[in-house]
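Q: Under full-length UniProt numbering, the first residue of the sequence shown carries the number 1, and numbering increases by one thereafter.
Some hints could be false.
Keeping only pairs whose Cα atoms sit at most 16 Å apart, straight-line, the calculated EDC-like set for lysine to aspartate or glutamate is [as the list claims (entries may be wrong)]:
1. K63 - E29
2. K22 - E75
3. K22 - E8
4. K63 - E32
5. K22 - E66
6. K54 - E66
7. K22 - E65
It is worth saying that the hints were derived from the structure and are not from the lab. These numbers were taken from a predicted model, which means no experiment stands behind them.
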Amino acid sequence: MDTLQSIEQRLANIESLLSGVKTVLTLTEAAEYCRLSQSYMYKLTSAGLIPHYKPAGKMLYFKREELDAWMLRNEVKTSSSIDAQATNYVVTNKRG
């Protein structure tokens, strides 16, 4: 039985690697890629908060690059980055 479980695990790994090659994802694949539930993905699409496509009017599709951009929006800056930005502002906006 260990051999069968090992084969199943390897197959699952191969499938996940192959999904990394696709540029257009289904709802299920996009939810797995973003690590979100399918129901939450439906909520995001119905609210217009995530880029998606409905070519046949029913099935939802997502572009991987748009999902990447969506996940990386609203960057949280580090304190050193904020300090550098504040210093730069003070230096460039001197009064007097």
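Q: Now look at each hint and say whether the structure bears it out.
A: Hint check:
For the hint pairing K63 with E29, the CA-to-CA distance comes to about 11 Å; that is within 16 Å, so the pair holds. Distance restraint check for K22 and E75: the Cα-Cα separation of roughly 26 Å exceeds the 16 Å cut-off, and the hinted pair is therefore not satisfied. With a C-alpha separation of about 22 Å, the suggested pairing of K22 with E8 is violated against the 16 Å cut-off. Restraint check for K63 and E32: the C-alpha separation of about 14 Å stays at or below 16 Å, so the hint holds.
Of the pairs offered as hints, the one joining K22 and E66 holds, with about 13 Å between alpha carbons and a cut-off of 16 Å not exceeded. At roughly 15 Å between alpha-carbon atoms, K54 and E66 fall within 16 Å of each other, so this suggested pair holds. A hinted pair counts as satisfied when its Cα atoms are at most 16 Å apart, and K22 with E65 qualifies at roughly 11 Å.
Violated hints for the displayed structure, listed by number in ascending order: 2 and 3.
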